[in-house]
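Chemist: Residue strings, one per chain:
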Amino acid sequence: MIIARTTKVVGASLASLTTLLYALPALAQSATSAATAAAPAAAAPAAPAINSGDTAWMLTSVALVLMMTIPGLGLFYAGMVRKKNVLATVMQSFAITCVVTLLWFIIGYSIAFTNDDPANPGKFIGSFAHFLLNGINVNSINGLAPTIPEYVFSMFQMTFAIITPALICGAFAERMKFSAMIIFMSLWLLFVYAPIAHWVWGGGFLGGLGVLDFAGGTVVHINAGVAGLVCALVLGRRKGFGTVNMAPHNLVLSFIGASLLWVGWFGFNAGSAVASNALAGAAMMNTQVATAAAALAWMFAEWLVVKKPSVLGIISGAVAGLVAVTPASGFVNPTGAFIIGIVAGVVCYYAAAHLKKMFGYDDSLDAFGVHGIGGIIGALLTGVFADAAINPLGANHSIITQLEGVVVTIVWTAVVTWVILMVTKMLVGLRASEAEEEEGLDITQHGESVAE
Amino acid sequence: MKLVVAIIKPSRLEEVRQALNSLDVHGMTVTEVKGYGRQKGHSEIYRGTEYAVHFLPKLKIEIAVEDALSDRVITAIREAAQTGRIGDGKIFVFDLEHVTRIRTGETGAAAL
Numbered sequence: 012m013i014i015a016r017t018t019k020v021v022g023a024s025l026a027s028l029t030t031l032l033y034a035l036p037a038l039a040q041s042a043t044s045a046a047t048a049a050a051p052a053a054a055a056p057a058a059p060a061i062n063s064g065d066t067a068w069m070l071t072s073v074a075l076v077l078m079m080t081i082p083g084l085g086l087f088y089a090g091m092v093r094k095k096n097v098l099a100t101v102m103q104s105f106a107i108t109c110v111v112t113l114l115w116f117i118i119g120y121s122i123a124f125t126n127d128d129p130a131n132p133g134k135f136i137g138s139f140a141h142f143l144l145n146g147i148n149v150n151s152i153n154g155l156a157p158t159i160p161e162y163v164f165s166m167f168q169m170t171f172a173i174i175t176p177a178l179i180c181g182a183f184a185e186r187m188k189f190s191a192m193i194i195f196m197s198l199w200l201l202f203v204y205a206p207i208a209h210w211v212w213g214g215g216f217l218g219g220l221g222v223l224d225f226a227g228g229t230v231v232h233i234n235a236g237v238a239g240l241v242c243a244l245v246l247g248r249r250k251g252f253g254t255v256n257m258a259p260h261n262l263v264l265s266f267i268g269a270s271l272l273w274v275g276w277f278g279f280n281a282g283s284a285v286a287s288n289a290l291a292g293a294a295m296m297n298t299q300v301a302t303a304a305a306a307l308a309w310m311f312a313e314w315l316v317v318k319k320p321s322v323l324g325i326i327s328g329a330v331a332g333l334v335a336v337t338p339a340s341g342f343v344n345p346t347g348a349f350i351i352g353i354v355a356g357v358v359c360y361y362a363a364a365h366l367k368k369m370f371g372y373d374d375s376l377d378a379f380g381v382h383g384i385g386g387i388i389g390a391l392l393t394g395v396f397a398d399a400a401i402n403p404l405g406a407n408h409s410i411i412t413q414l415e416g417v418v419v420t421i422v423w424t425a426v427v428t429w430v431i432l433m434v435t436k437m438l439v440g441l442r443a444s445e446a447e448e449e450e451g452l453d454i455t456q457h458g459e460s461v462a463e
Numbered sequence: 851m852k853l854v855v856a857i858i859k860p861s862r863l864e865e866v867r868q869a870l871n872s873l874d875v876h877g878m879t880v881t882e883v884k885g886y887g888r889q890k891g892h893s894e895i896y897r898g899t900e901y902a903v904h905f906l907p908k909l910k911i912e913i914a915v916e917d918a919l920s921d922r923v924i925t926a927i928r929e930a931a932q933t934g935r936i937g938d939g940k941i942f943v944f945d946l947e948h949v950t951r952i953r954t955g956e957t958g959a960a961a962l
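Residue numbers (the working numbering), protein chains in the order written: chain A, 12 to 463; chain B, 851 to 962.
In case anyone wonders, no lab produced these hints; they're calculated from the structure. Incorrect hints may have been included.
Quick list of in silico lysine to any residue cross-link-like pairs, SDA-like style, CA-CA up to 25 Å [as the list claims (entries may be wrong)]: (1) A/Lys250 to A/Arg93; (2) A/Lys319 to B/Val903; (3) A/Lys318 to B/Lys940; (4) B/Lys940 to B/Pro907; (5) B/Lys884 to A/Leu244; (6) A/Lys94 to A/Met295; (7) A/Lys94 to B/Pro907.
Based on the sequences and whatever the hints tell you, model everything.
Modeler: This is the structure:
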């Protein structure tokens, strides 16, 4: 398997073969015995060393990926809701950013990305030893990212942990109680995101299957998309769905948000090389090509069907392309990325505009239609278009192996999300009251409103 | 005195203002309103979901004028606001009973 855990090690190494040879022992370096054994003469070349170029790029990537959630995703979603819910919508992204930051610092990073014995990592969960980042200091290095400080690696992973639950908000927009949202997201981070991140990237069992996921097609997008679908089904439709006008109130906000997502995504995908190297460059090119292809594909599909090329269409297509190229970005060549983009643009348009209607669920802002479907397309097509010339870890690509990764993620996410929703419902209830929903969440949940 | 109330397309406001200005009408009140007449509304489609928008944005202009001027005002508004397409709006005229200028207390035609 080449989950990003391995990917990231290799990503860090592609710059030169020497770096590769040096990165692999670096994993063992974390184990005390190996360190001692390696200590003598070869100590200098074998010791993991912080690389300033890699660190500079990863510091930048952290900022870029954080920008994807605040303000990017917050604005993207806020523009699509009705005016009475715009503050509640940006509030969700901002509050999740704060809550996840603390949970990640308290225990999330520890259970997802550290192992008591790095040579023999936990299959299902990592270590509890780094509670409150205990034992991690300014000079620490995580074997998963041997050329950057562990604080930076933890921060980089934190920004992924922030955006994933924030994506789910699109599915239950305009109706979930704020208190329920906070409880649900906290539990979801600890019981869904952290374990899956560990399975795929932190040394867990999915890492052994051979699933290719460069930057988070399974961990982030399928995960959030499926959780969103479960939320939409459990919470039910918005009051008046299908009869009341629920048109987006200001697509300029969504345009700004989508544009920030696009730019931030270079930190997400190119940053997932966890190094400032050639593979990061390939991921960047693939990201750009797939996004443009998907944006135009959605736009033209819509143009054919409803006779107008829409702003919401082209920006939604761009996000679908970004999602789909995420697992593929460090494995495919630009031609593969181009095809993935076109498929994602057309299929996600179909999912958001037609599939949803067919089944009648109210995935309000298409968290499932874009992130779930786009993630699945990207994950599967990575198994088709992986090119060993871009990344040797993709040599044994297989769509069947990819499918295994997708199915495992879907099953765990769906089941545990449902359980967490039930627990949250017992504690505080899930939905705002009908009267509150009608008046709008801005005034009823937060006591504020935007100026007329 | 007459109160002329015109509902027009927002894009024609400047033309109407200029036409009235040349008639020596130097005051008006403009309000952003929504409504429909024969034009009905239009539909908007977002990610495949179609919404009928019944009320379209229009501007409501209110002008108080002396009786002698009202016909010319109506003609000026009609000519300036007309595009020939459905949705150009309507002009309503009411008898105006009384006017007071708040600053000076003047009333009637002197207050216009």
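Chemist: If a hint holds in the structure, say so; if it does not, say that too.
Modeler: Against the structure, the hints:
no. : hint                 : result
1   : A/Lys250 to A/Arg93  : 13 Å, holds
2   : A/Lys319 to B/Val903 : 17 Å, holds
3   : A/Lys318 to B/Lys940 : 31 Å, violated
4   : B/Lys940 to B/Pro907 : 14 Å, holds
5   : B/Lys884 to A/Leu244 : 36 Å, violated
6   : A/Lys94 to A/Met295  : 36 Å, violated
7   : A/Lys94 to B/Pro907  : 17 Å, holds
The structure is inconsistent with the numbered hints 3, 5 and 6, although it conforms to all the rest.
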